[in-house]
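Participant: Starting from the known structure of chain P, arrange chain D on it as the hints suggest.
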Amino acid sequence: MDVIKVAFFVLVFPGFLFQFAMAAILEWVDRKLYARMQNRVGPLYTGPSGFLQPVADLVKLFSKEDLTPAGADKLMFNILPLVSLAAVCASGLLVPLWTIRPFTSFPGDIIADAYLLAIPSFALFLAGWFSSSPFSLIGATRVLTQMFAYEVPFFLALLTPAVIAGSWQISEIMNFPWWQGPWWSILLRLVAGTIAFGVAVTCLQAKLERVPFDIPEAETEVVAGPLTEYSGKKYGIFRLQKNILMYTGAALVAAVLLPSFHMGPVLGGIWLVLKTFFVVAILSVIRASFGRIRIDQIVVFSWKYLAPLSLVQFLVVLLLKAQGVALP
Amino acid sequence: MDKDTIWIPVGPQHPFLKEAAKFDFDIRGEVIVGARYQLGYNHRGMEKACEDRNYYQCLYLLERICGICSHSHTTAFSMAVEQILNLELPKRGSYLRTLVCELERLHSHLLWIGVAAHEVGFDSLFMLVWRDREVVMEALESITGNRINYAINTIGGVRRDINDEQRVKVLQMVKDLEKRMAYYAEIGTNEPTFVNRIKGVGTLPTEKAKAMCAVGPFARASGLDLDIRRDDPYGAYPDLEFKVITNDMCDILGRVVVRVLELLESCKIIRQLLENLPEGDIAVKKVPRKVPAGFALARYEAPRGEDCHYVRSNGTDKPDRVKVRAPTMANLEAAVESVIGSFVADIPIAIASIDPCFSCTDRTTVVLNDDKRGRKITTWEDLRKNGIEWYRREMGISLS
Chain P
1 MDVIKVAFFV
11 LVFPGFLFQF
21 AMAAILEWVD
31 RKLYARMQNR
41 VGPLYTGPSG
51 FLQPVADLVK
61 LFSKEDLTPA
71 GADKLMFNIL
81 PLVSLAAVCA
91 SGLLVPLWTI
101 RPFTSFPGDI
111 IADAYLLAIP
121 SFALFLAGWF
131 SSSPFSLIGA
141 TRVLTQMFAY
151 EVPFFLALLT
161 PAVIAGSWQI
171 SEIMNFPWWQ
181 GPWWSILLRL
191 VAGTIAFGVA
201 VTCLQAKLER
211 VPFDIPEAET
221 EVVAGPLTEY
231 SGKKYGIFRL
241 QKNILMYTGA
251 ALVAAVLLPS
261 FHMGPVLGGI
271 WLVLKTFFVV
281 AILSVIRASF
291 GRIRIDQIVV
301 FSWKYLAPLS
311 LVQFLVVLLL
321 KAQGVALP
Chain D
1001 MDKDTIWIPV
1011 GPQHPFLKEA
1021 AKFDFDIRGE
1031 VIVGARYQLG
1041 YNHRGMEKAC
1051 EDRNYYQCLY
1061 LLERICGICS
1071 HSHTTAFSMA
1081 VEQILNLELP
1091 KRGSYLRTLV
1101 CELERLHSHL
1111 LWIGVAAHEV
1121 GFDSLFMLVW
1131 RDREVVMEAL
1141 ESITGNRINY
1151 AINTIGGVRR
1161 DINDEQRVKV
1171 LQMVKDLEKR
1181 MAYYAEIGTN
1191 EPTFVNRIKG
1201 VGTLPTEKAK
1211 AMCAVGPFAR
1221 ASGLDLDIRR
1231 DDPYGAYPDL
1241 EFKVITNDMC
1251 DILGRVVVRV
1261 LELLESCKII
1271 RQLLENLPEG
1281 DIAVKKVPRK
1291 VPAGFALARY
1301 EAPRGEDCHY
1311 VRSNGTDKPD
1321 RVKVRAPTMA
1331 NLEAAVESVI
1341 GSFVADIPIA
1351 IASIDPCFSC
1361 TDRTTVVLND
1371 DKRGRKITTW
1381 EDLRKNGIEW
1391 YRREMGISLS
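In the order they appear, the protein sequences are chains P and D.
Heads up: the first sequence runs through residues 1 to 328, numbered per my numbering.
Heads up: the second sequence runs through residues 1001 to 1400, numbered per my numbering.
Looking at chain P on its own, in the form it has when it is part of the complex (with noise of 0.2 Å):
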């Protein structure tokens, strides 16, 4: 009975199939947003209101012919999309969707799960380094850059609340009782998780590489960056990917930086998710109000702004703790 209960929570609920729809259901919201403040319409015509467009998207490019170049290292080339499949997917796992402890809950696990969202970079990274294309190369080596850029910064603001909390579980932060204390502390509790979320959420829309930090894959400057020699299953299956990492990255900011409380399973785990979208629509918000920034600007940016921003608030909340405030 064991096994059957493991394979619904890893392939159903809220494993694969669970982030599928999220993902899809994600995909159609950030597309919709992004349109409106565009003055466009968006997905129309599949399904109401263009709802089933992302799962069309996949359906179409599942069909398509699927091209491995000949220069390509084929094992590579091939297993690259399932394993950053795998990583995203497994992450999701770790996010508790309801504020009693899931099953993969073991404490450590916000470590593991910041991991596992980095997997999905360094495979866009080798995808790109074995398609042998000179986009392909460029697009492999800004990934690489964008990552020591955004990935340190991210980490720090993931790991505040984990300090606040006095926890490595994703669950036991999200249990922990902000709202107690002195006032003051409450305060400074809040004014720590909001820079730690501003600095997440930025470094979620690199990681994610959207616009403004889109710079890996530019269109117009390097085609489609890592995914250039990419078609068919291959490439849906690395959409798919982006796409479910928007969810858990989502997700996971959500748990642990916006504010939770004790609802009980059902009503907690929607509260996640309504976290999870208003996530989304800030990310949409900053893919709507910026132009791309150039490679060496994010490097500047990021560690002029954002990573002694997050080292500040650290310092400020580890300082707390250390005189034993921070505590309720």
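I should point out that these hints are in silico values taken from the structure, not numbers from a laboratory.
Small disclaimer: the values here were computed from a predicted structure and weren't measured.
Careful: at least some of the hints might be erroneous.
Claimed, not checked - Restraint ranges, calculated between C-beta atoms of paired labels, are given here:
#1 P/PHE8 with D/PRO1015: 54 to 60 Å
#2 P/VAL6 with D/GLU1394: 28 to 34 Å
#3 P/THR46 with D/ASN1149: 18 to 24 Å
#4 D/ASN1190 with P/PHE8: 51 to 57 Å
#5 P/LEU67 with D/GLU1178: 48 to 54 Å
No residue lacks a Cβ here, since even glycine has one placed at the ideal position from N, Cα and C.
Facilitator: Using the frame of chain P, we list chain D on its own:
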């Protein structure tokens, strides 16, 4: 080329190119150290085709040189023919022709701002600017009957008159657009991510611009004070008051500023034209079909720069020779030069900053067998041999 330098081909098919052209860049890391270009993918032999058509048919053919500045080419051509025929245009006709010129400049510059925003990934600005470009297109449609190839020019004037209703409508449109354009000018010159991408990029110093014969907004943004509308006036321009916008920033930001201010200047010109529209004929009556032998060169300030048409006639109803020098031809050399030293990320916006139109400018290119540079022409026999070999190797089919 040393071993640290890699070569990236951009084109003939590339997402940033709206038409086929080939650019080769040598890059070291992310910095461009060498750039070359090659044309010849869009050549349609229009100059030659003109020699088989009479002057009126030529107008419709030349209108199709370019989708954006279609009116520029017909105006330049008819100006050249009118010079040979010694025709004096009626006032109203020349005002209407100039009106379409300026509306075309509006829609061309709006299009360019959208394209520039898209090249640096600022798609929201692109969508919003193109929405407003639609307003200009509708105005053009109401005046001329067409959105792109207006077909309003004829030798000795224009073909359609406008009534008071259309006049009021276009005036209203200009009034609405001016507000919106001021807003885009604000965004285009202040939005930090956009400005950081274009400031100090693709720099072309004034002396270099002069030496490389740059024209149009591209040259004006490098501090060259050139404008055919003022320097060699034609149409209704002698009666109009307008400023020639120049800027000495010499970079892409300067080009954005010049184009945005020219938009506002064009709005002013359109208002003057419509408010002072004289009464009278719109075209010369009885234009002879046969043009006496002679030649003429017409210069015209197209949205992208100076457009030259040279026409030679031989006393028949067909031209002996038509030669088109579109502005992109003059600017391309300088644009490719200005890219060297910038980053790979700046290629699209730097090339796009001249508002290139390759179908305007395209020439035939002849490739010679060149053993030294490893360049070889693939002949028909070679292609056939390759095909047979490929099917034998990949599919196991013998076609020989």
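Participant: Looking only at beta-carbon atoms, does the pair P/THR46, D/ASN1149 fall within the given range of 18 to 24 Å?
Facilitator: violated (35 Å)
Participant: Look at the Cβ atoms of P/VAL6 and D/GLU1394 and judge whether their distance stays inside 28 to 34 Å.
Facilitator: The hinted range 28 to 34 Å is violated for P/VAL6 and D/GLU1394, with Cβ atoms some 46 Å apart.
Participant: Does the hinted range 48 to 54 Å hold for P/LEU67 and D/GLU1178 at CB?
Facilitator: Hint holds: Cβ distance 51 Å, inside 48 to 54 Å.
Participant: Kindly confirm whether 54 to 60 Å is satisfied by the beta carbon distance between P/PHE8 and D/PRO1015.
Facilitator: violated (43 Å)
Participant: With respect to the beta-carbon atoms only, verify the hint that D/ASN1190 and P/PHE8 lie 51 to 57 Å apart.
Facilitator: Cβ of D/ASN1190 to Cβ of P/PHE8: about 54 Å, so the range 51 to 57 Å holds.
When held up to the earlier numbered hints, the structure conflicts with 1, 2 and 3 and fits the remainder.
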